[in-house]
Amino acid sequence: MDVMYVLIGFSLVVAIGFLAAFFWAVRSGQFDDVFTPAMRMLFENKTKKKEHRDS
Amino acid sequence: MAELRTDTSTACAHCGELCGPDILSETGEAFCCTGCRTVYALLHDHDLGDYYRLESRPGIKPDAFSAESSFAYLDDDSVADRLLDFRSPTACRITFSIPQMHCSSCVWLLENLHVFTDGLSESRVDFPRRTLSAVFDPSVLSLRQLVELLASLGYTPDIRLKQLESRPVDRSMRSLYARVALAGFCFGNVMLLSFPHYLGLDGLTDPRYAQYFSYLTILLALPVLFYGGAEFFASAYRGLRYRTVTMDVPIAIGITILFARSSYDIIALGQAGYMDSLCGLVFFLLLGRLYQRKTYAALSFDNDYRAYFPIAVHVRESGREVTRPLDKLMPGDRMLIRNGELIPADSVLIRGEGLIDYSFVTGESEPVAVRTGDRIYAGGRQTGERLELDVVKEPSQSYLIQLWNKQAVAPRPDDLTSLANRVSRYFTPAILGLAAATGLVWAFRDIGTAVNAATAVLVIACPCALALATPFTLGTLHRWFGRNGLFLKDPSVLERLADISHILFDKTGTITIAGARVPEFEGDPLTEVESQAIAALAGHSTHPLARPLVALGNADEPVEITDFAETAGRGIRAVVGGRDVRLGSAVWTGHEGDDTTGGLLAAESRVYVSIDGAPRGYFRYRNVTRDGLPETLSSLREHYRLGLLSGDNDSDRERLAPAFGEAADMRFRLTPHDKLTHVRDLARAGEKVLMVGDGLNDAGALGAAEVGLAVTENDSAFSPASDGILRADALGLLPSALRLARRSISIIKVCFVISLLYNVVGLYFAVQGLLSPLLAAVLMPLSSVTVVVLSTVAISRSARKEGLA
Numbered sequence: 005m006d007v008m009y010v011l012i013g014f015s016l017v018v019a020i021g022f023l024a025a026f027f028w029a030v031r032s033g034q035f036d037d038v039f040t041p042a043m044r045m046l047f048e049n050k051t052k053k054k055e056h057r058d059s
Numbered sequence: 003m004a005e006l007r008t009d010t011s012t013a014c015a016h017c018g019e020l021c022g023p024d025i026l027s028e029t030g031e032a033f034c035c036t037g038c039r040t041v042y043a044l045l046h047d048h049d050l051g052d053y054y055r056l057e058s059r060p061g062i063k064p065d066a067f068s069a070e071s072s073f074a075y076l077d078d079d080s081v082a083d084r085l086l087d088f089r090s091p092t093a094c095r096i097t098f099s100i101p102q103m104h105c106s107s108c109v110w111l112l113e114n115l116h117v118f119t120d121g122l123s124e125s126r127v128d129f130p131r132r133t134l135s136a137v138f139d140p141s142v143l144s145l146r147q148l149v150e151l152l153a154s155l156g157y158t159p160d161i162r163l164k165q166l167e168s169r170p171v172d173r174s175m176r177s178l179y180a181r182v183a184l185a186g187f188c189f190g191n192v193m194l195l196s197f198p199h200y201l202g203l204d205g206l207t208d209p210r211y212a213q214y215f216s217y218l219t220i221l222l223a224l225p226v227l228f229y230g231g232a233e234f235f236a237s238a239y240r241g242l243r244y245r246t247v248t249m250d251v252p253i254a255i256g257i258t259i260l261f262a263r264s265s266y267d268i269i270a271l272g273q274a275g276y277m278d279s280l281c282g283l284v285f286f287l288l289l290g291r292l293y294q295r296k297t298y299a300a301l302s303f304d305n306d307y308r309a310y311f312p313i314a315v316h317v318r319e320s321g322r323e324v325t326r327p328l329d330k331l332m333p334g335d336r337m338l339i340r341n342g343e344l345i346p347a348d349s350v351l352i353r354g355e356g357l358i359d360y361s362f363v364t365g366e367s368e369p370v371a372v373r374t375g376d377r378i379y380a381g382g383r384q385t386g387e388r389l390e391l392d393v394v395k396e397p398s399q400s401y402l403i404q405l406w407n408k409q410a411v412a413p414r415p416d417d418l419t420s421l422a423n424r425v426s427r428y429f430t431p432a433i434l435g436l437a438a439a440t441g442l443v444w445a446f447r448d449i450g451t452a453v454n455a456a457t458a459v460l461v462i463a464c465p466c467a468l469a470l471a472t473p474f475t476l477g478t479l480h481r482w483f484g485r486n487g488l489f490l491k492d493p494s495v496l497e498r499l500a501d502i503s504h505i506l507f508d509k510t511g512t513i514t515i516a517g518a519r520v521p522e523f524e525g526d527p528l529t530e531v532e533s534q535a536i537a538a539l540a541g542h543s544t545h546p547l548a549r550p551l552v553a554l555g556n557a558d559e560p561v562e563i564t565d566f567a568e569t570a571g572r573g574i575r576a577v578v579g580g581r582d583v584r585l586g587s588a589v590w591t592g593h594e595g596d597d598t599t600g601g602l603l604a605a606e607s608r609v610y611v612s613i614d615g616a617p618r619g620y621f622r623y624r625n626v627t628r629d630g631l632p633e634t635l636s637s638l639r640e641h642y643r644l645g646l647l648s649g650d651n652d653s654d655r656e657r658l659a660p661a662f663g664e665a666a667d668m669r670f671r672l673t674p675h676d677k678l679t680h681v682r683d684l685a686r687a688g689e690k691v692l693m694v695g696d697g698l699n700d701a702g703a704l705g706a707a708e709v710g711l712a713v714t715e716n717d718s719a720f721s722p723a724s725d726g727i728l729r730a731d732a733l734g735l736l737p738s739a740l741r742l743a744r745r746s747i748s749i750i751k752v753c754f755v756i757s758l759l760y761n762v763v764g765l766y767f768a769v770q771g772l773l774s775p776l777l778a779a780v781l782m783p784l785s786s787v788t789v790v791v792l793s794t795v796a797i798s799r800s801a802r803k804e805g806l807a
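Protein chains in written order, with our numbering: chain A, 5 to 59; chain B, 3 to 807.
Rather than coming from a laboratory, the hints here were simulated on the basis of the structure. Only true hints are included.
Example chain A residues on the side facing chain B (calculated, C-beta under 8 Å, incomplete):
#	residue
1	26
2	31
3	35
4	37
Residues from chain A that face chain B, not an exhaustive set, calculated with beta carbons under 10 Å:
#	residue
5	9
6	19
7	20
8	23
9	38
All residues carry an ideal CB built from backbone N, CA and C; glycine is no exception.
Sequences and hints are given; from them, build the entire structure.
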């Protein structure tokens, strides 16, 4: 049962990894604007297609 | 105005404004102006027609004035340097504020600009802040060209002097998110690790596990105390420096004791400790902070004059017209000011017929006539022809700005006087006293229990629920108000709003609609044909007093006009439908016996009329009050003393008097300084004043009042520094807003009582030295959740009952 010490410690490390990921997301500004991306994802990327046609 | 055009109306395919069928595109869409047609064609040429598919008629009518205004000052390297976020020879980054953007089409277009703009590699919109950040190659596209492109599409960036000085980026929100996340993370894990203990499994398993778990909770609680809790230590210290015991003091004491006691229990006694309570407490308190921090990023509540002034002016220099940044404008420069432009420095009129609109600066509703050689004060707006002016003082030395600086009020440490902190002033000493007494009583019997009981008192009394009642009640109400057009700087304004005893209104632009004036005719009644003729003649003039007269006629019946002539300073005439019609001064129209100061250029505006040489009388102008004003005022009158502070003349006194009631104190012809003094006098007499104003002339009074609300026609317009911004159409919201503010205080008080009751239960066990970690872990979150749910639900119900949407 001594493996419990390792497992719990390991699970904490994994969880801390996710916490660190969240910290990184906050630092990089992903939570500065939580409104515009919701609009942006509805836009179709038509303009790209046009560029392909031209080239 | 719209009904005048109903029968010919089609909506402009770009901006949706009603328009006639005069301007059509090749494919037959109708436009209100060539500007709209240009933008429409441009977008279609580049396959950007999606703009019109995302929202129906999303365009902004390109403003002729801003389209023609020159952005030449952006070529000035020193200006550009201060505007750019980042600069290199091949790439520059800049962030513009574009208040006009309003829908997803705007976002889409602004983010697709690079499709038809060479040199622009990226543009990104932050919609809540109404900003666009762009990356461009300065060797291909200059900053000026970029701004001109935006202006031609109707999205003129709002480039202000203030922006040049400093642009602090608010990162406090990010750190708050991080703190909440950390506290939440640790809270969850500490609870998991405490589970064996909650369930009484300690005895069943290997005791070494329990110890291992307990040590882990110490590790997890460390960052919560030092990173998450740092907020509370800092603000408790800040409060103590102002010699006030804020609510954060008992919180700081509570979490420190919690940590010390738990560490001792775990390390020395091998018990479970209260780390779960500690993490939960900090987590809930930080959530409260987060909830209270909701701000309106696109609005600016602490504008000063620099946000109102343009960034550059046209100057004539050795015969050439150049643009000059405002901070380089020196006495002796010759400025050129066109129709609609702001005069940014005290100056003397050299050439041109000045008609200066000071309504935003002084509250006068009538434009002021200025003749060559007269002094003009900064802040006025020219209406009419182009002026040449000699600068007398630098912009920063002008009369208006001196006045502003003198009125500048030091920011008060708001949160120190809040209800929660007033309670804390009694609560904290009481708890400290109780802890000491408990310790003392037990000390005679058992010193161990004494420490145990005394610390338990401090732990359980930690006013988590008490501290959450205010942010959740006020934060919720704050959101309700924001949705209905009243944007408060922060929720703590609501507490002051609840205390108001006296309400003062500004007139021009606040209870009357700025710029909207209805002509009233005095004299021989005019026939319909004559009115039509006058309207037609007035339509040929750009004079601000002529424009309201256009509405007298019916635009669908064009009248033939010949021999139009305008004599500056006197009036206009023309032959309309075969009759000689004159509009203008008394002398111009043959009203010699009458008030000779009347006329187009008088302080008290009258426009005289003569038809076929016969004097007929004059028009005078009535200010238009906002809809529902009498109802709003009479409803406010029941609870508050009302007053009117106007910088204008008292011609509206009789019309407004019934609405304000007999008790109201109505004052006219006040200077900005008079307004400030009046508010201060009332405050000294013990009145809690709410000032509602809009202009620069109210800035001092808004700052000196207990609460200052700035009224604005649209959210993006300049408003002076204030505690809140009230959208003009939401003025009627004021009575229910004040009622709700008072209601929120009662709700907070109820929550205080409830959380105190929870405290009493906890203290009952604590003083006996019987507080178990499990009891603490249940009691503390339970009281917090009760208070949060109760306050949020109660205030939302009240808001709905008041008809807020």
